[in-house]
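Peer 1: Residue-level listing of the chains:
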Amino acid sequence: MKRIVTLASLLLLALSLAVPAGPADAAPRGRVTVALGSDTPTQDPHMHTARMGIIINQHIFDTLLARDTTTWKPVPHLAESVKSVNALTWELRLRKGVTFHNGEPFTAESVKFSFDRVLNPEQKSPLRGNFTWIKSVDVVDEHTVRIVTTKPYPLIQEILTFGNFGMVPPRYIKEKGDANFAKHPVGTGPFTFVEWRKGERTVLEANERYWKGAPAIKTLVFRVIPETATQIAELLSGGVDIIRAVPPDQIPAIERSGTARITATKILRVVYLQLDGDGRAGKTPLTDVRVRRAINHAVNVDEIMQKVLGGKAVRSTTGDNPMVFGYDPAVKPYAYDPAQARKLLAEAGYPNGLELTLNTYAGSIVNVDQVAQAIMGYLSQVGVRVKLRHFADVGQYLANFRGSKLDGMTLASWGYNSVFDTDAIYYIHFHTGEPYAYNTSREMDQWLEAGRSTVDPRQRQDVYSRFQRFIVDQAYWVPMYAQFTIEAVSNKLNYEASSDEIMRVHAATWK
Amino acid sequence: MWTFVVHRLVRAVFVCLGISLITFTLLHVVGDPVLLLVPQSASDADVRLLKEKLGLDRPLWAQYAVFLRDAVRGDFGESLFTQESALVLILERMPATLELTFAGMAVGLLIAIPLGVVSAIRRGSLTDRLCTVGAVTGQAMPIFWLGIMLIIVFAVQLRVLPASGRGTLAHLVLPAITLGAYLAPLTMRLTRSGMLDVLTQDYIRTARAKGVGERVLLFKHALRNAAIPIVTILGVQFGRLLGGAVVTETVFAWPGVASLAVKAINTYDYPVVQGAVVLLAFLIVLANLLADIAVTWLDPRVRLDEDHA
Numbered sequence: 001m002k003r004i005v006t007l008a009s010l011l012l013l014a015l016s017l018a019v020p021a022g023p024a025d026a027a028p029r030g031r032v033t034v035a036l037g038s039d040t041p042t043q044d045p046h047m048h049t050a051r052m053g054i055i056i057n058q059h060i061f062d063t064l065l066a067r068d069t070t071t072w073k074p075v076p077h078l079a080e081s082v083k084s085v086n087a088l089t090w091e092l093r094l095r096k097g098v099t100f101h102n103g104e105p106f107t108a109e110s111v112k113f114s115f116d117r118v119l120n121p122e123q124k125s126p127l128r129g130n131f132t133w134i135k136s137v138d139v140v141d142e143h144t145v146r147i148v149t150t151k152p153y154p155l156i157q158e159i160l161t162f163g164n165f166g167m168v169p170p171r172y173i174k175e176k177g178d179a180n181f182a183k184h185p186v187g188t189g190p191f192t193f194v195e196w197r198k199g200e201r202t203v204l205e206a207n208e209r210y211w212k213g214a215p216a217i218k219t220l221v222f223r224v225i226p227e228t229a230t231q232i233a234e235l236l237s238g239g240v241d242i243i244r245a246v247p248p249d250q251i252p253a254i255e256r257s258g259t260a261r262i263t264a265t266k267i268l269r270v271v272y273l274q275l276d277g278d279g280r281a282g283k284t285p286l287t288d289v290r291v292r293r294a295i296n297h298a299v300n301v302d303e304i305m306q307k308v309l310g311g312k313a314v315r316s317t318t319g320d321n322p323m324v325f326g327y328d329p330a331v332k333p334y335a336y337d338p339a340q341a342r343k344l345l346a347e348a349g350y351p352n353g354l355e356l357t358l359n360t361y362a363g364s365i366v367n368v369d370q371v372a373q374a375i376m377g378y379l380s381q382v383g384v385r386v387k388l389r390h391f392a393d394v395g396q397y398l399a400n401f402r403g404s405k406l407d408g409m410t411l412a413s414w415g416y417n418s419v420f421d422t423d424a425i426y427y428i429h430f431h432t433g434e435p436y437a438y439n440t441s442r443e444m445d446q447w448l449e450a451g452r453s454t455v456d457p458r459q460r461q462d463v464y465s466r467f468q469r470f471i472v473d474q475a476y477w478v479p480m481y482a483q484f485t486i487e488a489v490s491n492k493l494n495y496e497a498s499s500d501e502i503m504r505v506h507a508a509t510w511k
Numbered sequence: 001m002w003t004f005v006v007h008r009l010v011r012a013v014f015v016c017l018g019i020s021l022i023t024f025t026l027l028h029v030v031g032d033p034v035l036l037l038v039p040q041s042a043s044d045a046d047v048r049l050l051k052e053k054l055g056l057d058r059p060l061w062a063q064y065a066v067f068l069r070d071a072v073r074g075d076f077g078e079s080l081f082t083q084e085s086a087l088v089l090i091l092e093r094m095p096a097t098l099e100l101t102f103a104g105m106a107v108g109l110l111i112a113i114p115l116g117v118v119s120a121i122r123r124g125s126l127t128d129r130l131c132t133v134g135a136v137t138g139q140a141m142p143i144f145w146l147g148i149m150l151i152i153v154f155a156v157q158l159r160v161l162p163a164s165g166r167g168t169l170a171h172l173v174l175p176a177i178t179l180g181a182y183l184a185p186l187t188m189r190l191t192r193s194g195m196l197d198v199l200t201q202d203y204i205r206t207a208r209a210k211g212v213g214e215r216v217l218l219f220k221h222a223l224r225n226a227a228i229p230i231v232t233i234l235g236v237q238f239g240r241l242l243g244g245a246v247v248t249e250t251v252f253a254w255p256g257v258a259s260l261a262v263k264a265i266n267t268y269d270y271p272v273v274q275g276a277v278v279l280l281a282f283l284i285v286l287a288n289l290l291a292d293i294a295v296t297w298l299d300p301r302v303r304l305d306e307d308h309a
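Chains as they are written, first to last, in this note's numbering: chain A, 1 to 511; chain B, 1 to 309.
Read the hints as simulated data drawn from the structure, not as lab findings.
A couple of the hints might just be wrong.
Unchecked claim - Here are the simulated BS3-like pairs of lysine-lysine, each with C-alpha atoms no more than 25 Å apart in a straight line:
#1 B:K220 x A:K198
#2 A:K124 x B:K51
#3 A:K124 x B:K210
#4 A:K183 x B:K263
#5 A:K112 x A:K151
#6 A:K405 x B:K210
#7 A:K124 x B:K220
Unchecked claim - Below, a sample of chain B positions facing chain A; criterion: calculated Cβ distance under 10 Å:
#8 I143
#9 R215
#10 L217
#11 G256
Note that beta-carbon positions come from the ideal geometry of N, C-alpha and C, so glycine has one too.
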């Protein structure tokens with residue numbers, strides 16, 4: 001108990017040191033257009049999980065915590081502090097003097113309403129699954145709420161930064177209804193809503209009374225442009241100012257244009273080669289640790305990062321993302337050593353090599369075909385003949401993944417559901433009985449359970465370090481790299497891409 | 001004539017029914033939207049629960065029966081992703097698609113008919129041969145590539161037209177040219193062969209012998225007769241145009257039904273796909289019907305009441 005309180009005060013201190021910068025000095029001006037590949041399904045932040053929707057939501061709504069844009073750790077936003085009262089209770093102190101765009105004051109009631117709305121099964125919010133650890137949300141006074149949890153919950157700060165868990169206005173929603181709110185959103189954020197032409201554009205206007213100070217941009221437009229080539233043409237002709245998901249081969253053309261530049265940064269999504277170590281999809285040579293180690297020695301990950309991704313990737317040595325809590329950089333991966341790989345295969349009883357399936361899927365992994373081909377090339381050099389099975393459809397891929405049908409190797413990726421914590425990748429991939437677990441053991445189950453049932457960061461780091469040493473030794477995966485988001489921005493703007501893939505156009509300024 | 005129209009409309013209902021059955025089966029056999037709807041970390045129990053809620057655990061025929069029962073009342077269900085009425089979503093985007101399709105058709109005809117007529121009159125000349133080469137090139141050119149090239153030239157290099165989007169008349173120019181160029185080659189060649197056919201007929205010689213002016217001869221006597229196959233084919237081409245609209249809408253970020261349907265197909269949003277396909281199929285049947293009616297006006301010899309086989 002005492003430790004929790006000490007911890008909490010440390011957290012409080014950390015939070016208060018990271019108070020965001022003061023208001024901008026000039027009045028908002030000009031118009032910025034951002035191209036998005038698809039539209040948001042709704043303007044109601046609680047009723048979808050679409051990335052494009054989250055990007056728009058973040059400009060209209062504020063979350064309780066935000067992320068520091070250098071460390072990506074949670075920092076105060078609408079909540080000035082998050083303090084653990086005891087193992088099952090957290091106290092949030094809220095910022096004072098904040099109002100919604102319709103004039104409604106932001107108070108503890110708004111926070112309780114927002115939580116209760118997501119938790120209400122009748123509401124059918126797709127976010128609900130992330131909040132089921134909450135027992136109740138209680139108003140203490142006008143600017144204080146307490147969250148009571150059903151079990152110790154170490155990821156609370158992570159959940160409070162969730163891009164689409166914006167604080168919503170209770171009175172407005174009760175008066176106008178959900179259907180209206182989905183089309184005419186009202187938040188406390190840096191921009192107010194003007195117009196939504198579905199499938200076409202969302203138009204926002206600077207909130208000049210924003211509590212952090214008005215944004216530099218007067219009018220912000222999110223335009224739906226599905227085709228990447230068209231997005232690039234619009235950028236180069238001045239029709240739009242920021243685009244995302246730029247293909248690596250288009251970088252030189254944009255850099256040479258003189259009108260726009262590239263801004264790229266590492267993101268949460270990691271890419272790795274999963275091996276079916278349990279033989280979950282049927283009998284396979286991969287149940288032998290020597291075969292798994294051989295494959296680890298055979299693949300030259302650094303060369304793939306350089307040659308296929310143009311260096312736009314960060315090496316992961318354990319499969320975990322180097323940015324998240326719990327990653328242990330001290331754990332070293334297998335060295336690229338084809339001779340050693342051949343030796344291990346011979347020892348395992350495959351002196352003449354063997355055949356394995358490589359599953360790949362379309363979506364999420366940048367240059368997936370080239371990466372798969374590179375892997376096949378490396379493996380053929382040590383005598384592993386690869387049978388490629390490509391899923392053009394993500395739904396099919398996931399169904400096969402869950403249905404124990406991904407035999408052999410799978411070029412997989414994981415986006416952490418935007419949670420910057422090791423628990424978000426390993427539990428679901430290594431705990432017995434989880435839908436994506438193809439490598440399991442009693443020992444790993446115990447570590448994973450310990451990691452999610454204590455709020456002490458030191459204990460958690462310790463258990464995750466042990467876990468990573470174990471899975472690297474057992475060579476369950478071939479850890480590869482964390483991807484980059486590649487965006488391009490007009491030379492008129494100061495703007496940088498974000499590691500959580502949420503575009504912060506509200507922080508952009510004119511040059 | 002009315003018997004004909006009623007017959008054709010009844011047939012249209014069966015066509016739409018058949019199409020809905022095919023789309024329904026194909027969509028349900030190849031994919032499953034549930035895994036795209038739940039967070040990736042959802043448990044198998046969550047997945048089963050959602051499947052039950054959406055009625056996707058029931059046998060296919062039972063699901064189709066429910067779909068049919070609602071569809072006849074104009075209810076295609078709600079989009080799985082936005083919980084909005086699929087019909088409303090589609091109708092909201094219909095004007096954009098119709099605008100693009102008709103503009104594309106107009107551009108296509110404006111290119112095809114004059115060139116077809118000129119080629120026929122100057123058969124074997126350099127103009128004729130250039131037109132033939134142009135038509136073959138046009139037919140071979142992927143619509144997608146043409147769209148991107150037009151954007152690069154007119155929006156990026158010359159900066160005279162917007163690259164994408166819908167709003168002003170200027171926004172319509174490039175997509176309409178792209179779609180028109182898709183329609184033009186076949187129509188041009190039909191015009192050319194139709195004109196060649198008509199120009200050798202006896203009544204043209206007679207008319208010419210009577211001293212009818214060349215312009216009246218061409219446009220009143222020859223083109224009107226040559227127009228019959230063109231109009232018939234236009235009805236059929238309407239379907240091709242909607243197909244071309246799928247690509248054109250995507251390239252030019254044109255907010256129409258076709259791009260909505262493509263997105264819905266990718267996410268297995270059954271209600272939206274079903275609604276869009278049935279509605280578009282109905283439009284195509286309607287276009288063919290209108291083409292047939294137009295032919296009777298052009299060619300008094302065709303009596304529709306005898307022609308409903």
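Peer 1: Hint by hint, say whether it matches the structure.
Peer 2: Right, here's what the structure says about each hint:
1. B:K220 x A:K198: Judged against 25 Å, a Cα distance of about 47 Å means the pair is violated.
2. A:K124 x B:K51: Distance of about 14 Å is within 25 Å: holds.
3. A:K124 x B:K210: Given that 25 Å is the threshold and the Cα spacing comes to 80 Å, the pair is violated.
4. A:K183 x B:K263: Given pair K183 (chain A), K263 (chain B) holds - Cα atoms ~21 Å apart, limit 25 Å.
5. A:K112 x A:K151: The hint holds at about 20 Å.
6. A:K405 x B:K210: It is violated: about 81 Å lies between the C-alpha atoms, which goes past 25 Å.
7. A:K124 x B:K220: Violated. K124 (chain A) to K220 (chain B) sits at ~65 Å, over the 25 Å cutoff.
8. I143: violated (13 Å)
9. R215: violated (43 Å)
10. L217: Check failed: Cβ of L217 (chain B) comes no nearer than 47 Å to chain A, outside 10 Å.
11. G256: holds (8 Å)
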